[in-house]
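There are 2 protein chains.
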Amino acid sequence: MERIEHHVSFGGSQEVWKHNSTTVNCEMNFGVFLPEQALRGQECPVLYWLSGLTCTEQNFITKSGVQRYAAQHGVIVVAPDTSPRGKGVPDVPEYDLGQGAGFYVNATQQPWASHFRMYDYVAHELPAVVESTFPTNGARSISGHSMGGHGALIVALRNPGRYRSVSAFAPIVAPGQVPWGEKALTAYLGDDRQAWMQYDAVELVAKASERLPLLVDQGQDDEFLDSRLRPELLEDVCAKVGHPMILNMREGYDHSYYFVSSFIGEHMKFHANALT
Amino acid sequence: MERIEHHVSFGGSQEVWKHNSTTVNCEMNFGVFLPEQALRGQECPVLYWLSGLTCTEQNFITKSGVQRYAAQHGVIVVAPDTSPRGKGVPDVPEYDLGQGAGFYVNATQQPWASHFRMYDYVAHELPAVVESTFPTNGARSISGHSMGGHGALIVALRNPGRYRSVSAFAPIVAPGQVPWGEKALTAYLGDDRQAWMQYDAVELVAKASERLPLLVDQGQDDEFLDSRLRPELLEDVCAKVGHPMILNMREGYDHSYYFVSSFIGEHMKFHANALT
Numbered sequence: 001m002e003r004i005e006h007h008v009s010f011g012g013s014q015e016v017w018k019h020n021s022t023t024v025n026c027e028m029n030f031g032v033f034l035p036e037q038a039l040r041g042q043e044c045p046v047l048y049w050l051s052g053l054t055c056t057e058q059n060f061i062t063k064s065g066v067q068r069y070a071a072q073h074g075v076i077v078v079a080p081d082t083s084p085r086g087k088g089v090p091d092v093p094e095y096d097l098g099q100g101a102g103f104y105v106n107a108t109q110q111p112w113a114s115h116f117r118m119y120d121y122v123a124h125e126l127p128a129v130v131e132s133t134f135p136t137n138g139a140r141s142i143s144g145h146s147m148g149g150h151g152a153l154i155v156a157l158r159n160p161g162r163y164r165s166v167s168a169f170a171p172i173v174a175p176g177q178v179p180w181g182e183k184a185l186t187a188y189l190g191d192d193r194q195a196w197m198q199y200d201a202v203e204l205v206a207k208a209s210e211r212l213p214l215l216v217d218q219g220q221d222d223e224f225l226d227s228r229l230r231p232e233l234l235e236d237v238c239a240k241v242g243h244p245m246i247l248n249m250r251e252g253y254d255h256s257y258y259f260v261s262s263f264i265g266e267h268m269k270f271h272a273n274a275l276t
Numbered sequence: 001m002e003r004i005e006h007h008v009s010f011g012g013s014q015e016v017w018k019h020n021s022t023t024v025n026c027e028m029n030f031g032v033f034l035p036e037q038a039l040r041g042q043e044c045p046v047l048y049w050l051s052g053l054t055c056t057e058q059n060f061i062t063k064s065g066v067q068r069y070a071a072q073h074g075v076i077v078v079a080p081d082t083s084p085r086g087k088g089v090p091d092v093p094e095y096d097l098g099q100g101a102g103f104y105v106n107a108t109q110q111p112w113a114s115h116f117r118m119y120d121y122v123a124h125e126l127p128a129v130v131e132s133t134f135p136t137n138g139a140r141s142i143s144g145h146s147m148g149g150h151g152a153l154i155v156a157l158r159n160p161g162r163y164r165s166v167s168a169f170a171p172i173v174a175p176g177q178v179p180w181g182e183k184a185l186t187a188y189l190g191d192d193r194q195a196w197m198q199y200d201a202v203e204l205v206a207k208a209s210e211r212l213p214l215l216v217d218q219g220q221d222d223e224f225l226d227s228r229l230r231p232e233l234l235e236d237v238c239a240k241v242g243h244p245m246i247l248n249m250r251e252g253y254d255h256s257y258y259f260v261s262s263f264i265g266e267h268m269k270f271h272a273n274a275l276t
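Protein sequences, first through last, are from chains H and G. So in our numbering, spot 76 of the first sequence is number 76, and the numbers just go up one at a time. So in our numbering, spot 44 of the second sequence is number 44, and the numbers just go up one at a time.
Incorrect hints may have been included.
Note that identical chains are pooled: a pair holds if it fits in a single copy or bridges any two copies.
[Said to hold, decoys possible] Only pairs whose alpha carbons sit at most 27 Å apart, straight line, appear in this in silico BS3-like list of lysine-lysine:
(1) 18 to 183
(2) 63 to 269
(3) 183 to 207
(4) 87 to 207
(5) 207 to 18
(6) 240 to 207
(7) 207 to 63
(8) 240 to 18
In case anyone wonders, no lab produced these hints; they're calculated from the structure. Note that this is a predicted model, so its numbers are computed, not measured.
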């Protein structure tokens with residue numbers, strides 16, 4: 001573990017740490033914001049944030065403005081990179097597969113299987129690293145954007161009791177039914193669509209044993225809304241099985257961090273209510 | 001004039017516009033945030049923001065979180081690029097001279113003189129473009145970071161009556177006394193140090209005919225504080241001549257946008273008080 005960046009921010013500390021991940025078999029970076037309470041050693045709840053396609057740990061920590069709200073609520077915010085990276089890690093030229101596009105699954109197909117285990121990384125290894133390094137109190141929530149919104153939903157839904165709340169900005173809710181997901185899941189998991197279902201929020205929420213506070217924000221001018229995101233699929237299944245879901249459709253907003261930064265304060269308040 | 005980017009943000013619109021500048025003889029980009037009031041056609045005050053070395057119009061608009069506060073106070077925020085750019089524009093490999101390093105002066109020396117007229121651009125051409133394009137009410141303030149803090153100070157101090165207030169984050173206050181400034185002013189203006197004085201906030205404030213609300217924030221862990229910024233030079237002359245100045249030294253903060261974003265809300269409140 002090595003701290004490679006740190007900046008005072010809103011009275012807390014925005015840091016980037018590097019560690020050797022045994023799950024994805026390479027060095028991984030993650031951002032961590034420590035509010036002033038945590039710097040004093042007080043045990044704090046943790047919000048995990050999963051970013052979207054092409055992002056590293058930097059996008060959310062430099063563009064979302066989350067630090068203001070994390071400081072206000074006394075929440076640690078952890079933002080990992082979106083995939084294994086580096087010379088030994090397989091990649092392709094496309095932006096939506098390989099490095100920067102881990103899709104938060106455990107790949108079973110070659111050449112991906114030895115590194116692309118982002119599900120286990122964010123659900124297990126990363127929380128263990130965080131909780132053994134920083135002053136945490138065991139309360140966790142999770143959120144994310146686009147591919148990372150998909151990641152947040154599946155990680156929360158597959159681990160009942162582990163997270164107090166889940167939220168997402170413009171998430172991919174049913175990867176098997178949209179082009180981004182079909183391409184990635186075919187490459188990482190093969191053609192057997194049964195294997196895809198463990199990474200499909202719409203499938204998982206239908207079987208969920210837990211009623212988890214769930215908040216989704218979606219821009220109505222998001223260029224990917226109808227073809228690649230389709231939040232109505234999640235809304236429909238939540239209504240059918242009686243799972244709570246707040247879906248805010250936001251007029252005029254697109255898929256960018258200008259959308260995320262406009263509503264991250266509301267998401268932090270939603271999570272703080274569940275965490276504290 | 002062409003709008004090349006627009007995103008809904010905090011109920012307003014964050015845009016980037018491109019235009020042919022007759023002052024710097026090339027295409028220039030600037031960011032403009034229009035709060036909801038301006039989108040409805042209501043005339044609003046304008047805050048100009050000048051960025052630091054290496055920046056384009058993007059840094060401030062993606063990293064500072066200013067939109068939240070601009071929306072709250074109903075202020076238009078204009079953030080130009082830091083220099084002329086492009087194939088026909090002179091440049092050198094160093095980050096602190098040429099493209100990305102205009103220093104907000106009108107160069108008199110070759111090869112810079114035909115393009116590097118950033119003083120006239122930000123003091124005259126840009127406000128004229130903004131005020132003929134967007135619904136403005138004539139009230140202006142100006143702020144900036146590092147080299148851009150220097151720019152904000154000299155533009156405000158040289159144009160009494162034009163700006164209601166001025167602020168800066170970690171500004172270069174006396175370019176003739178620090179390495180960044182000595183290098184740039186020698187290249188752009190030549191060896192005659194008398195010519196440099198019109199771009200030196202410490203010199204200008206000593207002669208100011210106007211008492212302008214002036215706010216400076218400075219991180220105490222800024223790596224450039226003692227060698228290249230030296231805010232005490234401005235504090236001393238303000239005390240000597242009785243010019244108002246609020247100087248906030250911020251424990252632990254560095255020179256990054258994590259510092260700017262932590263206090264941009266306070267600067268926007270300071271300007272809004274003067275503007276509205």
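Checklist entry - What label fits residue 240 with residue 18 when the C-alpha limit is 27 Å: within, between, both, or neither? => result neither (43 Å within a copy, 49 Å between copies)
Checklist entry - How would you classify residue 183 and residue 207 at a CA-CA limit of 27 Å: within, between, both, or neither? => result within (25 Å within a copy, 67 Å between copies)
Checklist entry - Is it within a copy, between copies, both, or neither that the alpha carbon of residue 18 lies no farther than 27 Å from that of residue 183? => result This pair counts as neither: shortest intra-copy Cα distance 30 Å, inter-copy 37 Å.
Checklist entry - Using 27 Å as the alpha-carbon threshold, which applies to residue 63 and residue 269: within, between, both, or neither? => result Answer is both: 18 Å inside a copy and 21 Å across each meet the 27 Å cutoff.
Checklist entry - Which holds for residue 87 with residue 207 at a C-alpha limit of 27 Å: within a copy, between copies, both or neither? => result This pair counts as neither: shortest intra-copy Cα distance 40 Å, inter-copy 59 Å.
Checklist entry - Between the shortest in-copy and the shortest cross-copy C-alpha distance, which are at most 27 Å for residue 207 and residue 18: within, between, both, or neither? => result For residue 207 and residue 18, neither the intra-copy (36 Å) nor the inter-copy (52 Å) Cα distance is at most 27 Å.
Item to check | Homomeric proximity label, residue 240 with residue 207: Cα distance no greater than 27 Å | outcome: within (11 Å within a copy, 73 Å between copies)
Checklist entry - Are the CA atoms of residue 207 and residue 63 at most 27 Å apart within a copy, between copies, both, or neither? => result Classified as neither; 35 Å inside a copy, 40 Å across copies.
Hints 1, 4, 5, 7 and 8 from the list above are not met by this structure, while the remaining hints are.
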